[in-house]
Amino acid sequence: MENELINLKNNALSLILEAEDEKELEEIKLQFLGRSGKLTQAIRKLPKIDIEKRKELGVLANEVKETIEASVDEKKKQLKKGILMSKIRKIDVTNPGIKPQIGHLHLVTQAISEITSIFEKIGFVRVRYPEVEWDWYAFEALNFPKDHPARDDWETFFIDGASHKKYGPMLLTPHTSSGQIREMSNAVKSSVSGEISPIKMLNIAKCYRRQSDVSHTPMFHQFEGLAIDKNLSIVNLKGVLDYFVKSYFGEKRVSRIRPYHFEFTEPSFEVDVSCGVCNGQGCSLCKDGWLELGGAGMVHPNVLKNTGIDPDKFNGFAFGWGVERALMMKDGLEIDDLRLIYSNKLEFLEQF
Amino acid sequence: MNIKILDSWLREFLETNASVKDIARELSLRAVSVDKVEKTANDYVYHVEVTTNRVDLMSHIGIAKEAAAALSEQGISTKFIPPKYNDVKNIGVSFPIEIINDP
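So the sequences go chain by chain: A and B.
Here our numbering is used: the first residue of the first sequence is 1, the next is one more, and so on.
Here our numbering is used: the first residue of the second sequence is 1, the next is one more, and so on.
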């Protein structure tokens, strides 16, 4: 019996020594100390032995049990340390670190900040006005007749909310021109004895229209400039347009204006910029050397009246067009489907 | 609104040496946009985008008046020939349509 216990101890110790992981150690522990383990079974035999010897054997059995438990614990600690050591040895501190992934601004955001900084230099201050707007600001005050097609709900998103008593239905801004009315109304509110301080604003905002195809997205951006002062003329407008075209598209590009019609300007113009590919000679990309950029004009007297500005004293000019359009014309980007810009596809966005 | 103007018809109301290209360019820059000029067998068709404030230009006569003004301004001597409304010819046939009211 004594030898049996000593053998068990030696067996267990040699197994523990060779164990390679914690799982194996647990198995060994079970094999000897578990409910049907070898040592447990040996101890069960003890009561049948003479009382004299039983005492000695009991002490020995306890010793064996404690030794096995202690060496299992010891081995576990060793194993843990070993794993750590092997990991530490694998690190090569001379390796360059892994760079964290850094995002970048969306291409439309980039264009907006560029446009803002161009106009900042000639004193146009960027303003922000609500995107959820009243009919008065988006249409009525801008001289749109009641039955104008743009006021149809096939063109504009109207919101299912209660109409304003004074300002009419609620809608999403279909153009940035609503900012003109907000800006002029604010100027009138802070005017002193009918004299408003001159306005030079730049409103860049999201616009919403009910159309979605390869060249339209239901949400897009426009930027809108407005200048109100005494004795402004088309010459001032042309100067601002030329300055923008040269700053944004390059020194070689020129702008021209053609007569057009908008409800809120009179006279109204369409703005063309000379083609950057053929330098105005005419090519397949442009129309006789010119590309259409957007609209402009002298603020209609009715619009001034609607906001409370005296059209006999003050006048002004306004211009506005799509940010996406300007962006595509600048870089000569040929995006087959404009909706890609807002698709969140990384393989597309990472190219900018 | 887009309308089509026939070159030969337009010239019935114009006395000018201006070329098709001159007319298209001057109209675009000074009045309403000529989007494109289409060549047909022996004539040209101007595709004109007339804005809603210029409904007076939605006819050959209207465009002719505007073209005369725009071209003259640029030193291309052009005269508008007003249409003649007063020489109505009697061709001797009574109005050949019979009108029957719905029962």
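Hints in this document: simulated from the structure, not taken from any laboratory.
There may be inaccurate statements among the hints.
Said to hold, decoys possible - Calculated pairs, EDC-like style, for lysine to aspartate or glutamate (alpha carbon to alpha carbon, straight line, at most 20 Å):
hint, chain 1, residue 1, chain 2, residue 2
1, B, K21, A, D288
2, B, K36, A, E69
3, B, K21, B, D87
4, A, K55, A, E2
5, A, K287, B, E38
6, A, K166, A, E195
7, A, K80, A, E2
8, A, K252, A, E56
9, A, K287, B, D35
10, A, K200, A, E114
11, A, K287, B, D22
12, A, K38, A, E56
13, A, K200, A, D135
14, B, K39, A, D288
15, A, K38, A, E63
16, A, K23, A, E56
17, A, K99, A, E114
18, A, K76, A, E20
19, A, K305, A, D135
20, B, K36, A, D288
21, A, K81, A, D21
22, B, K79, B, D35
23, A, K77, A, E120
24, A, K287, B, E49
Pair hint outcome, K36 (chain B) versus E69 (chain A) [Cα-Cα no greater than 20 Å]: violated (96 Å)
Holds or violated: K287 (chain A) to D22 (chain B), with C-alpha atoms at most 20 Å apart: holds (15 Å)
Restraint status (C-alpha distance of K305 (chain A) to D135 (chain A) at most 20 Å): holds (17 Å)
Hint consistency between K80 (chain A) and E2 (chain A) [alpha-carbon to alpha-carbon, up to 20 Å]: Violated: K80 (chain A) and E2 (chain A) sit about 35 Å apart, past 20 Å.
Given hint E2 (chain A) paired with K55 (chain A) - CA-CA distance at most 20 Å: holds (12 Å)
Pair hint K99 (chain A) and E114 (chain A), alpha-carbon separation not exceeding 20 Å: Status violated; Cα separation ~28 Å.
Pair hint outcome, K81 (chain A) versus D21 (chain A) [Cα-Cα no greater than 20 Å]: Holds, at roughly 12 Å.
Pair hint K21 (chain B) and D87 (chain B), alpha-carbon separation not exceeding 20 Å: violated (34 Å)
Pair hint outcome, K38 (chain A) versus E56 (chain A) [Cα-Cα no greater than 20 Å]: The given pair, whose Cα atoms are some 19 Å apart, holds under the 20 Å limit.
Restraint check for K36 (chain B) with D288 (chain A), where alpha carbons must lie at most 20 Å apart: holds (10 Å)
Pairwise hint evaluation, D135 (chain A) against K200 (chain A), where the allowed Cα distance is 20 Å at most: violated (24 Å)
Restraint check for K21 (chain B) with D288 (chain A), where alpha carbons must lie at most 20 Å apart: Answer holds: K21 (chain B) to D288 (chain A) is near 11 Å, not above 20 Å.
In terms of the numbered hints stated before, the structure departs from hints 2, 3, 6, 7, 8, 13, 16, 17, 22 and 23, listed from lowest to highest.
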